[in-house]
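Please assemble the complex out of the two chains, which come individually in their own frames, going by the hints.
Listed below are the residues making up each chain.
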Amino acid sequence: MQPYKSISISAHHHTETIKVGQKLALSLVGIGLLLQMVFWLSFKSDDAGLWLWSSLGLVTVGSLWYTFDQYRNTLPGIKNNNNWFVSLTSRKEFAWILAIFLTGFYVLLYWFPHLLGQGNEEVKNTGLVALFDPLSMFLKGKPASQWFVYGAIYTLTILLMGIKFIYKYRHSKYQVYRTISIMFFQTAIAFILPEIMQSLNKPYYDFKNIWPLNYYFFFDWNIDAMLAAGTLGYFMLFWGILSFLVITPVLTYFFGKRWYCSWVCGCGGLAETAGDPFRHLSDKSLKAWKIERWLIHSVLVFVTLMTVAVLVTRFTGIRNIFLIDSGTLSSWYGFFIGAAFSGVVGVGFYPILGSRVWCRFGCPMAAYLGILQRFTIKLPWNKEAKRMSKFRITTNGGQCISCGNCSTYCEMGIDVKAYAQRQEDIVRASCVGCGICSAVCPRGVLRLENL
Amino acid sequence: MAKIIIIGNGIAGSTAARYIRKNSDHDITMISGETRFPFSRTALMYVYMGHMKFENTKLYEDWFWVKNRINIITKWVQNIDTNTKTVAFYDGSSISYDKLIIATGSKPNKFGWPGQDLDGVQGLYHLQDLENMESATQQGIKKAVVVGGGLIGIEMAEMFHSRHIPVTFLVREASFWDAVLPPEESEMINKHILAHGIDLRLGEELLEIKGQHGKASAIICKNSGEVIPCEFVGLTVGVSPNIDFVKPSGITINRGIVVDEYLETSVKDVYALGDCVELANPNPGRRSIEAVWYTGRMMGKTVAQTICDKPTKYEPGIWFNSAKFFDIEYQVYGDIPAKTPAHITSLYWKHPTENKAIRINFDTASGAVTGFNLMGIRYRHAVCEKWIADKTNIETVIENLSLANFDPEFFEEYESAFVDKYNQKSSKSLKLKSKRKLSLVERFLFS
Numbered sequence: 313m314q315p316y317k318s319i320s321i322s323a324h325h326h327t328e329t330i331k332v333g334q335k336l337a338l339s340l341v342g343i344g345l346l347l348q349m350v351f352w353l354s355f356k357s358d359d360a361g362l363w364l365w366s367s368l369g370l371v372t373v374g375s376l377w378y379t380f381d382q383y384r385n386t387l388p389g390i391k392n393n394n395n396w397f398v399s400l401t402s403r404k405e406f407a408w409i410l411a412i413f414l415t416g417f418y419v420l421l422y423w424f425p426h427l428l429g430q431g432n433e434e435v436k437n438t439g440l441v442a443l444f445d446p447l448s449m450f451l452k453g454k455p456a457s458q459w460f461v462y463g464a465i466y467t468l469t470i471l472l473m474g475i476k477f478i479y480k481y482r483h484s485k486y487q488v489y490r491t492i493s494i495m496f497f498q499t500a501i502a503f504i505l506p507e508i509m510q511s512l513n514k515p516y517y518d519f520k521n522i523w524p525l526n527y528y529f530f531f532d533w534n535i536d537a538m539l540a541a542g543t544l545g546y547f548m549l550f551w552g553i554l555s556f557l558v559i560t561p562v563l564t565y566f567f568g569k570r571w572y573c574s575w576v577c578g579c580g581g582l583a584e585t586a587g588d589p590f591r592h593l594s595d596k597s598l599k600a601w602k603i604e605r606w607l608i609h610s611v612l613v614f615v616t617l618m619t620v621a622v623l624v625t626r627f628t629g630i631r632n633i634f635l636i637d638s639g640t641l642s643s644w645y646g647f648f649i650g651a652a653f654s655g656v657v658g659v660g661f662y663p664i665l666g667s668r669v670w671c672r673f674g675c676p677m678a679a680y681l682g683i684l685q686r687f688t689i690k691l692p693w694n695k696e697a698k699r700m701s702k703f704r705i706t707t708n709g710g711q712c713i714s715c716g717n718c719s720t721y722c723e724m725g726i727d728v729k730a731y732a733q734r735q736e737d738i739v740r741a742s743c744v745g746c747g748i749c750s751a752v753c754p755r756g757v758l759r760l761e762n763l
Numbered sequence: 003m004a005k006i007i008i009i010g011n012g013i014a015g016s017t018a019a020r021y022i023r024k025n026s027d028h029d030i031t032m033i034s035g036e037t038r039f040p041f042s043r044t045a046l047m048y049v050y051m052g053h054m055k056f057e058n059t060k061l062y063e064d065w066f067w068v069k070n071r072i073n074i075i076t077k078w079v080q081n082i083d084t085n086t087k088t089v090a091f092y093d094g095s096s097i098s099y100d101k102l103i104i105a106t107g108s109k110p111n112k113f114g115w116p117g118q119d120l121d122g123v124q125g126l127y128h129l130q131d132l133e134n135m136e137s138a139t140q141q142g143i144k145k146a147v148v149v150g151g152g153l154i155g156i157e158m159a160e161m162f163h164s165r166h167i168p169v170t171f172l173v174r175e176a177s178f179w180d181a182v183l184p185p186e187e188s189e190m191i192n193k194h195i196l197a198h199g200i201d202l203r204l205g206e207e208l209l210e211i212k213g214q215h216g217k218a219s220a221i222i223c224k225n226s227g228e229v230i231p232c233e234f235v236g237l238t239v240g241v242s243p244n245i246d247f248v249k250p251s252g253i254t255i256n257r258g259i260v261v262d263e264y265l266e267t268s269v270k271d272v273y274a275l276g277d278c279v280e281l282a283n284p285n286p287g288r289r290s291i292e293a294v295w296y297t298g299r300m301m302g303k304t305v306a307q308t309i310c311d312k313p314t315k316y317e318p319g320i321w322f323n324s325a326k327f328f329d330i331e332y333q334v335y336g337d338i339p340a341k342t343p344a345h346i347t348s349l350y351w352k353h354p355t356e357n358k359a360i361r362i363n364f365d366t367a368s369g370a371v372t373g374f375n376l377m378g379i380r381y382r383h384a385v386c387e388k389w390i391a392d393k394t395n396i397e398t399v400i401e402n403l404s405l406a407n408f409d410p411e412f413f414e415e416y417e418s419a420f421v422d423k424y425n426q427k428s429s430k431s432l433k434l435k436s437k438r439k440l441s442l443v444e445r446f447l448f449s
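So the sequences go chain by chain: A and B.
Position in the first sequence counted from 1, then plus 312, gives you the numbering used here.
Position in the second sequence counted from 1, then plus 2, gives you the numbering used here.
If we strip away everything but chain B, and leave its shape as in the complex, we get (with noise of 0.2 Å):
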C-alpha cells in the first residue's frame, strides 16, 4: 500500500483520486487550499449569476469522499522535497508521500498593465476569485470591463449582464475568439454579444487601469486613447500554469510541468495533471498544453493507471471541446481550425434567421472527415468520434448525418439542409439515408 499525494483537487486531481481508488487500496490523500471537497470550477459563473447555490457545483456529495477513503487536507502547499519526498505547508507542517501527483491547474494571465493590482482588478479561476468578484460588485456597480476575449471573458460578461451591470468588453481580436473560431462562427458571436446589450469594441487592447484609494476607477483603452469609468476590470487574457511553487523543487518546469507520455515528471514517483501539465511530446496538431476540463479529466484516469501498476500512456483520443456563448451552445469535434487549410474542404450551413450552424470539414483529395464544429445545434460526441477515427467519407456522413443529431425531441431537424447545401456546391444529389433513432445509433456505434 503505498502512500499517494495528490496537490490540487480539481477535476484532474480527484478524478485521478477515484480512479487510484477504484483501482487499488493505497493510501490517497488529497490537499487544496482552495475547497475542502472537489468542484465544478466552469460553474463558478453559474454560482454568481443565482442559478446554483456553491453547493450545488460539487462533483459529489461530501459523504463520497469519505466513503471512498479519500483523506482531505485543507491547506496550501508552501514547496515540494524531492529528496525526502515531503510535501510543506504554509502553516508549518508537512506530509510525506511515496508517489506524488501535482494538479494545480492554471491561473490567470496579468501582462504587466499599470494598475493591475488594484482592487477590483481581477481574473476569474479560483473560488477566491468569485468570492472577490462578489464582494467587489454585490453593493452594486455601474460599470464593468471585461479585457480579453476568450472562454472565461465571455462567462464574466454574461455574469455582470445577469445582475444587470453594463460591460464593456474589449476584444484585442478583429472578431470574438477568432484564433479558434472560424469566421461565420466568429461573427455569430459578435452579433449576439452585442444583442445581449453588451458593448463590444473589437480591436480594443487595455492601456492601463487607473485607480483611486487603491480602487479600480477607469481604463484607458490603448487604440482609441478612451476613458471608460469603472468599479471593476475582469483581466481575462488566458491563463498559464500555476506552479510557482514548485520551481525550487528541483523538477523540470518549462511553461508548465514538464511529463512524458506516462504523465511523470523529470523526478521519479512525481506526476503532474491537468492545467499545469506541458507535454513533451504532444501528438500531431495537439498543442503542449491543454487546458481545458476534458483533458484533465483523462490524465486523471490514466495517471490513475499508471499508479496502480499499469503503465499507461496518455492519450487524449480525438480532438473536443464545448462551451456555451450567452445563449448560444458550441461543440466541436475533431479538427476545425480557424483559418481552413488549402488541403481541406470545410461545408458550413447556417440558418437563414437563427443562431444556428453547422460545419464540416473534410479532406479534399480522400474526402475523409475531419470534424465538426456545431452552433446551436447538438451532436453526439460517439458518432462525430467514429466517423473522424474511421476516415469516414464526406458523403457516407452526410448521407447518414441523422445519426449524429443530438437535440431534443421535436426539435426542428437541420441535417437536409446540410445535405442541400453539399448537393449544391458538388452537383450530387445525396439523400438522407437513416433517421434520428437511438436504436440505430447503437447498430452503428457498437456494431
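Bound conformation, chain A alone (with noise of 0.2 Å):
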C-alpha cells in the first residue's frame, strides 16, 4: 500500500479552540454583560409582580419552545451530534461567556448580595431581589432574600432543563423517570416545603440534604433552631441523624449511590438537567481520578474534623479544638468548600469543566455514599469480603468495541472503556449510576444493576 499523506486532524476548523487572549477577552464581555444586567435591575417599582411573572414566562415558554424545536423533527434516540462543534458545549467562546457569567452570578450571590439588590432591616430589597418579593411574599408572606431568589432560579432551571432533558431521552425509561424523580424533590422538597414552614414560622429545613452535604446541620444556629420548634424540631433533628446514619446506608447498599446522587440530589440535580450538554467535558485521565481521591476525601476529613469541633464546643463550651477556633474552622468550611467549591467553581465551571465537578472531586456526601458504594467488607459470619453495596454496571460479554462513548459521556470521569473492553464490572465509588454510559453504548454493552 503507498503510504497516506498525513494530515493533522487539529487543522480542522471544527477542533479548533480559541486563544487564552480570546478567551480573556470574552471574559471581560461576560462581566460587562453581568454589570449591565445588575444595574439594569437595580431600580424600585412598585409592580415587580408584572416584570417577574412575564420575565418568568418569556424564559418558561422560551426554554420549551427552544427544546421542542430542537427535537421535534427527530427520531427518538441519542441526540449528540456535533457537541464537540457547538461553541457552547466545546469550550469555545459562548462556553467561556457563560463560565464567566455563571462565575459571577455565584460571587454576586455569596459574598456582595447588595448588588443583587439584597436589602436590609432599614432598606427595601431593590433589583433582582425584589423582582423576586411577589413570589416570595405568595410562597410565605415575606419579602425574598438572596436565597430565595437563588433557589427559584435553580429549581426553575431543573424544571426547564428536565423537561428538555425528558424529551431529548425520551426512549429512555430509566433516564425519563430519573429525571421526573429530581425534578420533584428540588420543587417540592428542596424549595416550596422549607418555604412554607417558615411561613409557618417554623425552622428551614430541607429533608433530603444529608450531613455532610448539609454542613451546618449541627452548627449552632441550626440545632437551636430545632430545638426551639417544638415535636417538629426534633423530628427534624431526628431525621437528620437518621438519614445519615441509617436511610443513606440502606438505600446505598440495595442500589448504589444513584438512589441520591441521581435520584434525590439538588446538586445532582442540576448537574443532570442543565449540566447535561456539558457532561463530556469531564476529565477522563488517571491523573484526574487521582486528583478526585485526595480531594474529595480530604473535604469529607474536612467536613468530619469541622463539625466534631463545633459539636465540642456546643458540648463543652471549649474553643480551639485542633489548634484553630471551631468558629473559625466552619467559616472557613463555609467559604470555601460551601461557597467557592460548590457554586462559584461546581456550577460557574460547567461550560468548562463538565457538569460534575462539585460531586466528583468536592462533595462529601458523594465521598461517604462512594465509600459505601466502593468498599468491601469482612463480617465475622462471612467467609469472604463482601461489597458494601449490590450496585454495578456489568457489561455484556464481548460485544465491547472500546469506541469510548461510555468514558466521553461519563460525567464523573470514569474511564467506562478501561473496563469494558476488559469486560470486567464497573465498580467505581464516584459512579453516580446516571446511566448514560448504557443509553451511549452503541452495542448495548454496560447495564446498571442491583445483584
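Because the hints were derived from the structure by calculation, they are not lab data.
Nothing here was measured: the structure is a model prediction, and the numbers come from that model.
Just so it is clear, CB atoms sit at the ideal spot from N, CA and C, and this is done for glycine as well.
There's no promise every hint is true.
[To be verified] Some chain B residues judged to face chain A by a derived CB distance under 8 Å, without partners named:
#1 Ala45
#2 Met51
#3 Arg380
#4 Pro410
#5 Lys437
#6 Ser441
Below, the structure written as C-alpha cells:
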C-alpha cells in the first residue's frame, strides 16, 4: 500500500479552540454583561409582579419552545451530534462567556448580595431580589432574600432543563423516571416545603439535604432553631441523624449511591439537567482520578473535623479544638467548600470542566456514599469480604468495540471503556448511576444492576 | 527475551502486544504509519459526528504503552524480508525481528469504476480516510452519495446526516444488508433509513463517477441511468485484506495472508492476525476471512499465548456481532442466516409500533436453539452463548428468556410476548419461569 499523506486532524476548523487572549477578552464581555444586568435591574418598582411573571413566563415559554424545536423532527435516540463542534459545548466562545457569567453570579450571590438588590432591616429589596418579592410573598408572606431568588431560579432551571432532558432521552425510561424524580425532589422538598414551613414560623429544613452535604446541620444556630421548634424540630433533628446513619447506608446497600446522587440530590439535579450538555467535558485521565480521590476525601475529613469541633464546643464550651477556633474552622469551610467550591467552581465551571465537578471532586456526601458503594467489608460470619453495595455496572460479554462513548459521556470522568473492553464490571466509588454510559453505548454493552 | 515486531496497531495488533506483555518480558515493538497510538476504528464515525474527539477513541491513555514497555514506531512498512528477518520502512530504515506479527487490517474495495480516483471519492477505513472526508466536506456540500449497503455504508450515511448533508444511498441488493439480515429485520432497517430522510435507492448500483477539475461532480446510476449531482462519493462496497506490501516476501497469500490454526503463516516465526488473515481451515459454518473487531481481538489474545511458548489454537467460539443502524441497535448470537435453512425453525416477534424485534432460531427436529437476533433490544451475551453451546431446548430457553434480557432498568420487557408467540405457533401454554435478575443470571452461568 502506498503511504497516506499525513494530515493533522487538529487542523480542522471543527476542532479549533480559542486562544487564551480571546478567552480573557470574552471573559470581559461576560462580566460586562453581568454588570449591565445588575444595574439594569437595580430599580425600584411598585409593580415587581408584572416584571417577575412576564420574565419567568418568557423564560419558560422560550426554553420549552427551543427544546421542542430542537428535537421535534428527530426520531427517539441518542442526540449527541455536533457536541464537540458547537461553541457552547466545546469550550469555545459561548462556553467561556457562560462560565464567567455563572461564576460572577455566584460571587455576587455569596459575597455581594447587595449588588443583586438584597435589602436589610432599613432598606427594602431592590433589583433582582426585589423582582422575586411577589413570589416570596405568595409562598411565605415575607420579602425575598438572595437565597430565595437563588432557590427559585435553581428550581426553575431544573424544571425547564429537566423537561428538555426528558424529551431528549424519551426513548429511555430509566432516564425519564430518574429526571421526574429529581424534578420532584427539588421543587417539592427542597424549594416549596421549606418556604411553607418558614411561613409557619418553623425552621428552614430541606429534608433531603443530608449531612455532610448539609454541613451546617450541627451548627449551633441550626440545632437551636430545631430544638426551639417543638415536636417538628425534634423530628427534624432525628430525621437528619437517621438519614445519615441509617437511610443512606441502607439505600446505598441496595441501589448504590445513585439513589441519592441521580434521583434525589439537588446538586445532582442541576448537573443532570442544566449540566447535561456539558457532561462530555469531564477529565477522564488517570491523573484526574488521582486528584479526585485526594480532594474529595480531604473534604470529607475537613467536614468531619469541623463538625466534631463545632459539637465539642457546643457541649464543652472549649473553643480551640484541633488548634483552631471551631468558629473559624466552620467559617473557613463555609467559605472555601460551601460557597467557593460547590457554587462558584461547581456550577460556574460547568461549561469548562463538565457538569459534576463538585460531585466528583468536592462533595463530602458523595465521598461518604462512594465509600459505602465501593468498599468491601469482611464480617465475622462471612467467608469472604463482601462489597458494601449490590450496585454495579455489568458488561455484556465481548460486545465492546472500545469506541469510547461511555467514557466520553461519563460526567464523573470514569474511564468506563477501560473496564468494558476488558469485560470487567464497573465498580467505582464515584459512579452516580446516571445510566448515560449505558444509553450512549452503540452495542448494548453496559447495564446498571443491583445484584 | 525475543524481539517481537507487530505491524499494525489496530485491535488485533494492539491486543497481541498487550497480552504478550502480560505473559512475558519480550521486547515488543508495534508499528503503524496510521497513528502513533491504538484507537477504535469503529468509532471514527463518532468523531465526524461530533460525539467524540479523536482523543476519546484511543484504547488507552498514551502513557499506558510506555508503562507497558511497548515500543512504538510511527512509519509505513514497505516490505518484509523473511530470510534476514527484517522489516523495511519507506524512509529507508529497517528493523530486525525474532518473531513477526502482521496485523494490517483491511482496505476499502474499489471495483474499477470510471472516476473512482477523483477527489471526493473514497472509502472509510483508516484515520486518514476520515481526515480526507473531513476536508472534502467541512465547507459544506450539497449532496453526498454513498455506494454499498453494508455496515460502513450506513455509518457514512449517518455521518452526513448528522451534518445535515443530503445523502443518496445506493444499495445493490433488493433490501438493506439482506445477505446477512433476515427479510423482516432488513425491511425494518429500510424503513428506518427512509424515516431519517435518507434517499435510499434499493436495487441500484453505480455505473460511473463524473468529475470536474479532478473532483467528483456527479454519479450515474447503472439501472435507472439517473445522473445525481454530488460533491462526495463514499465507496463502501466491502473491504479486503490490506496485504499488498506482503506479496514480495514469499509469505503465502490467497485473498488474505494464509494462516494455520496457530495463526502462523507459511513462513516460520511470522504470524498474521485480524482482518488481513485468511484461515486455511475455518470452523464449519464460518468464513475464512472474518473482518470484524471481535475476531481481531480474539486472534490477538490467541497469538500472544503461542508467542509466549504456550501454543494455542485459534478458537473463535460461537459467532456474535453487533451494530447500530442509526437509532436501532442490533445484536446477534449464534447462527441466524438471512435465509432460514429447511431444518431450522425461525421464530420472529416484532413490536407492533416500535423498532424492536426478537428472533430465535432452533433445530426443528431436536429443538436445540441455534441463534438469537435482536433489534432494538439488548440480550446478554454469556446467557445466549451458553444456551447455544449447550444445545438447550427451545422450550427451556423460552421459559427462562428473561435471564437474557440486558435492557436498562424500567424498560418494557417483551419476553412474555415472545412466549405467547411460541405458544401460538406450537399450541403449547408455556410461561416465563424466571425473572430478570442478576443473581439468577449468575446462578445460571456459574452453576
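Consistency of the hints with the structure:
A least Cβ separation of about 4 Å between Ala45(B) and chain A falls short of the 8 Å threshold, and the interface hint therefore holds. At its closest, the beta carbon of Met51(B) sits 5 Å from a beta carbon of chain A; the interface hint therefore holds under the 8 Å criterion. Interface hint at Arg380(B): satisfied, since its Cβ lies 4 Å from the closest Cβ of chain A, which is below the 8 Å cut-off. Checking Pro410(B) against chain A: minimum C-beta separation of about 5 Å stays under 8 Å; hint holds.
The restraint placing Lys437(B) at the interface with chain A is violated, with a minimum CB-CB distance near 13 Å, outside the 8 Å limit. For the restraint placing Ser441(B) at the interface with chain A, the shortest Cβ-Cβ distance is roughly 6 Å, inside the 8 Å limit, so the hint holds.
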